[in-house]
Every structure is written in structure tokens, then in C-alpha cells.
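Counting from 1362, one number per residue, gives the positions in the sequence shown under the working numbering.
Everything labelled a hint here was simulated from the structure, so no lab data went into it. Be aware that one or more of the hints could be misleading.
[Stated by the list, open to error] What follows is a list of derived Cβ distance ranges for each label pair:
| id | residue 1 | residue 2 | range |
| --- | --- | --- | --- |
| 1 | 1512 | 1561 | 39 to 45 Å |
| 2 | 1590 | 1440 | 41 to 47 Å |
| 3 | 1700 | 1616 | 21 to 27 Å |
[Said to hold, decoys possible] Subject to a maximum C-alpha distance of 30 Å in a straight line, what follows is the list of computed DSS-like cross-link-like pairs (lysine-lysine):
| id | residue 1 | residue 2 |
| --- | --- | --- |
| 4 | 1512 | 1473 |
| 5 | 1521 | 1609 |
| 6 | 1521 | 1630 |
| 7 | 1609 | 1737 |
| 8 | 1609 | 1624 |
| 9 | 1737 | 1521 |
| 10 | 1630 | 1592 |
| 11 | 1705 | 1521 |
| 12 | 1521 | 1624 |
| 13 | 1465 | 1398 |
| 14 | 1606 | 1624 |
| 15 | 1606 | 1705 |
| 16 | 1624 | 1705 |
| 17 | 1512 | 1630 |
| 18 | 1398 | 1512 |
| 19 | 1737 | 1592 |
| 20 | 1512 | 1624 |
| 21 | 1521 | 1606 |
| 22 | 1592 | 1521 |
| 23 | 1398 | 1473 |
| 24 | 1737 | 1750 |
| 25 | 1398 | 1521 |
| 26 | 1606 | 1529 |
| 27 | 1705 | 1630 |
| 28 | 1705 | 1512 |
| 29 | 1609 | 1529 |
| 30 | 1521 | 1750 |
| 31 | 1606 | 1512 |
| 32 | 1606 | 1630 |
| 33 | 1529 | 1750 |
| 34 | 1705 | 1609 |
| 35 | 1630 | 1609 |
| 36 | 1592 | 1750 |
| 37 | 1609 | 1592 |
| 38 | 1529 | 1473 |
| 39 | 1512 | 1529 |
| 40 | 1592 | 1606 |
The beta carbon of each residue, even a glycine, is placed where N, CA and C say it ideally should be.
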Amino acid sequence: MRTRRIKAAALAAIMVFGTLAGTMTGSAEETQDVTLKIWVPEEAVDDTDAAVQAFDEEHDEFNITYEIAIVGIDEAPAQVETDADVAADIFYVPSGGVADMVGKGLLLPLVKDYDELAADLPESALAAVTVDDLWYAAPFSPNTYFLYYNKDYFSEDDVKSLDTIMEKDLGDGVWNFCTKMTDSWFAEMFFLGNGCTLFGEDGTDPSDCTFNNENGYASGEYMIDLASNPKYLENIDGAGDSSFKDGKLGAITTGAWMAPDFKEALGDKLGACALPVATIGGNEVQLSNFVDFKTLCVKSNTAYPLCAQQLAIYLANADNSLTRYLNEGDVPVRMSLSGSDEIKDDIVACALNDQAALATNQPSIPQMGGYWDPMKAFGDGVYYGDVTKDNLQDQLDALVDSITATLVD
1362 MRTRRIKAAA LAAIMVFGTL AGTMTGSAEE TQDVTLKIWV PEEAVDDTDA AVQAFDEEHD
1422 EFNITYEIAI VGIDEAPAQV ETDADVAADI FYVPSGGVAD MVGKGLLLPL VKDYDELAAD
1482 LPESALAAVT VDDLWYAAPF SPNTYFLYYN KDYFSEDDVK SLDTIMEKDL GDGVWNFCTK
1542 MTDSWFAEMF FLGNGCTLFG EDGTDPSDCT FNNENGYASG EYMIDLASNP KYLENIDGAG
1602 DSSFKDGKLG AITTGAWMAP DFKEALGDKL GACALPVATI GGNEVQLSNF VDFKTLCVKS
1662 NTAYPLCAQQ LAIYLANADN SLTRYLNEGD VPVRMSLSGS DEIKDDIVAC ALNDQAALAT
1722 NQPSIPQMGG YWDPMKAFGD GVYYGDVTKD NLQDQLDALV DSITATLVD
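Using the sequences plus the hints, can you model the full thing?
Written out as C-alpha cells, the structure is:
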């Protein structure tokens, strides 16, 4: 079995071409000639190439000719929509884009071999790729933020509660907690955690947002009180990141992308965990943020649906997920891997998966485009003092009106 690789320097383009001949050892089964195009990010090319060859060794029924090309996860959905005929058969998609692509008829339901994968996924991951009771993508890694903390200031028990975090006296010149309420990807955790919904319970009703109900009002009050607390630091222009690295901040919400910098700065002092609970409106609630997942999908008009869906699911299996984690840094979402030697001692991987299980799937309907700017404006208003408890209800009503306003292309 030989694979021929062609690497082009221009635009960092890398393509791998291969022909894999099925060996019919004593089998009467007919071998199907299959030609597949696969799009992956640059860092995944070699791992994907090896996985396709391993898949072929297990499937004598296919004789696969394949091409692997570099197309990032954020680029693939638009390119498939632009010209599905020339698009790859298998490609990466963020789970937030799955429902939209299904609605446009671009994705193939994944049925063959999916049961084993489904049994090993948290409910949030499975729900993120389910449309009308059909699975359309194979999730392999979560994307959300969680809590980092400095063990010199907080214990594992302390960081379970934001109330406890804020109550502690960490001394002069040290802030207790930092997030970014002026960023609409962070501000939602107070509303979703307190039972508010964005686009209905399942994120599909563009006319529904409850951020201005009684729970939403309590969430807004909590944000106002937090913003005015001298122990709180807003993460503007990386102020929280640098303060945390310098030992001047006890805890901060951010994602796995900051782990290398934080580990270098704090070493064994670094802790990580899921978001804490908070007392909002007199009730203790679990803060809940948006989560989406990196997934593998198959285009609906692939000429080889059986092989394509089996290969896509194979690329998301436990072995390949672990390889991807070790070589590319994508933390596996599979529950069976959480206790593996490679992952169980990785505090960042554990925190990411713990929070993914508590998070809320980011809605993927087009109306989501109307959320980001109004929510950022509200967070700005809270932090800079333009939103007050006197005008909070009016501000929340305006926020919801903006989010649910009819989108115009």
C-alpha cells in the first residue's frame, strides 16, 4: 500500500493523494471503487492520512482513492454551500453550523456505525448534531470556556462558588475574579445559568428570547453588582490574562487556548475547573455558557454515501480522537477517554469536558447573527455604567427586541 504526497508552498497548501487497494482475502464480497475528497485543517493532514489508510485495512469492501486538502473548520461550510458538487465529501464543521447546513440540504445523515459513537458522547454533544431525530455530524472536540484559578489564592472547594470567590480577601493589588461581560460570548453565562432561554428551549425559535423576564432581570442585577465590585476585573485588551499570569488575579474565565501561557507563568499553581455556581435572584444556580463542538460531516450529494459516512465516523473514533489530542491539541469529547492516562491528569482537558457537559448548545439558526452586537452593547452598558438598576428593565426589553428583530439579508 503506497501513498503519494504532494506539498505546495504557496498559501501553505498541502494535499495528500492516495490509492488504497482492497485485498479480498478469501472473500466473495465485491470490492467497490471509491473516490473521496477530504478537507481538514493543516495540522490534521498527516493524522488524517494515516487514519484513512488504517480504515482501508479494516474494510476490504472498499478500494479507496482519496485526496486530502487543507480547508479550515470555519471555511468549509461556506465553501460547501458555494459549490457542493466540487466540495469535499468529508469536512470539518462547527456544530453551531450543522442545523443551518441541514436546512439547506447540504449534509448527509450519519447512520452506519453511529450507535457506538452516540453511546460515548455527552448529551450536549449529541444534541448539537441532531436535527429531527437524525444525526448529521460526528463530534470529536468541545469548544467553550471554563475557570482557571491560582491555587495560592483558592482551594478546589473555593472555586465551586462565585460567591466564595468574591468574598475572599486576597490582599492589596489582587483582583478576585475576571470575565468579559463586554463580550457577548461570555455575558450569556449569567442569563443561561439563571434559566433564561435564547431562541426557545431548543434554540430553534427565532422569535423567543427570555432575557428580559424576571430571571433575566435578576441576572442583569447580578452583572451590575459584579461590575461595580472593586474585586472584579474586566478582561479588556487582555488585562485579565496578563494580571492572572502576574499573580495579581485569583480566577479568570477563558478557554483552552490560554493554557500554554498560563502553565508557563504559574506552573503547579495553576488550577482549572468548570464554571462555578452563583447566587442570582436569591437562588444558587450553575453558570452555563455556550458550547459548540468540532465535528466531521459528509455532504449530502456524495457519490459514495456508505463509505463516506463510515469513514467520517471512523475519523472520530476513540483511537483517532486520542491521536488528534496528542498531536493537534483537540481535547476529545468522548466520555470513555476522560479517564485515560493521557487525559485524566490534564487539568485543562478535564475542565473543558466538565464545562461542556454543563453548557448550553449555541443556537445555529440564522437569527443567531442578531444576538452578538446587541448583547455586546448591553454588556458594555453594564460595565461602563450606562445600564443601571433604574433603567435595567427598559434596557433588557430593548436587548430582546434587537435580538429577535427580523433579520434582513
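Each hint tested on the structure:
1. 1512 x 1561: 39 to 45 Å: 40 Å, holds
2. 1590 x 1440: 41 to 47 Å: This hint holds: roughly 46 Å between Cβ atoms.
3. 1700 x 1616: 21 to 27 Å: Between residue 1700 and residue 1616, where Cβ atoms are some 23 Å apart, the hint holds.
4. 1512 x 1473: The given pair, whose Cα atoms are some 46 Å apart, is violated under the 30 Å limit.
5. 1521 x 1609: 20 Å, holds
6. 1521 x 1630: Cα-Cα ~17 Å, so holds.
7. 1609 x 1737: 26 Å, holds
8. 1609 x 1624: 15 Å, holds
9. 1737 x 1521: 27 Å, holds
10. 1630 x 1592: Roughly 20 Å between the alpha carbons, so the hint for residue 1630 and residue 1592 holds.
11. 1705 x 1521: 19 Å, holds
12. 1521 x 1624: With a Cα-Cα distance of about 21 Å, the restraint between residue 1521 and residue 1624 holds, given a limit of 30 Å.
13. 1465 x 1398: Satisfied, since the Cα-Cα distance of roughly 21 Å is no more than 30 Å.
14. 1606 x 1624: Answer holds: residue 1606 to residue 1624 is near 9 Å, not above 30 Å.
15. 1606 x 1705: 24 Å, holds
16. 1624 x 1705: Status holds; Cα separation ~17 Å.
17. 1512 x 1630: 5 Å, holds
18. 1398 x 1512: 48 Å, violated
19. 1737 x 1592: 22 Å, holds
20. 1512 x 1624: 12 Å, holds
21. 1521 x 1606: Given that 30 Å is the threshold and the Cα spacing comes to 21 Å, the pair holds.
22. 1592 x 1521: Holds - the C-alpha atoms of residue 1521 and residue 1592 are around 18 Å apart, at most 30 Å.
23. 1398 x 1473: 19 Å, holds
24. 1737 x 1750: At roughly 18 Å apart (the allowed maximum being 30 Å), residue 1750 and residue 1737 satisfy the hint.
25. 1398 x 1521: Measuring from Cα to Cα gives roughly 46 Å; hence the hint is violated.
26. 1606 x 1529: 20 Å, holds
27. 1705 x 1630: 18 Å, holds
28. 1705 x 1512: 19 Å, holds
29. 1609 x 1529: Roughly 14 Å between the alpha carbons, so the hint for residue 1609 and residue 1529 holds.
30. 1521 x 1750: 28 Å, holds
31. 1606 x 1512: 13 Å, holds
32. 1606 x 1630: Distance ~11 Å between residue 1606 and residue 1630 Cα, so the pair holds.
33. 1529 x 1750: Cα-Cα ~26 Å, so holds.
34. 1705 x 1609: 29 Å, holds
35. 1630 x 1609: 13 Å, holds
36. 1592 x 1750: 20 Å, holds
37. 1609 x 1592: 11 Å, holds
38. 1529 x 1473: 53 Å, violated
39. 1512 x 1529: 13 Å, holds
40. 1592 x 1606: It holds: about 17 Å lies between the C-alpha atoms, which stays within 30 Å.
Against the hints set out earlier in the document, violations occur for numbers 4, 18, 25, 38.
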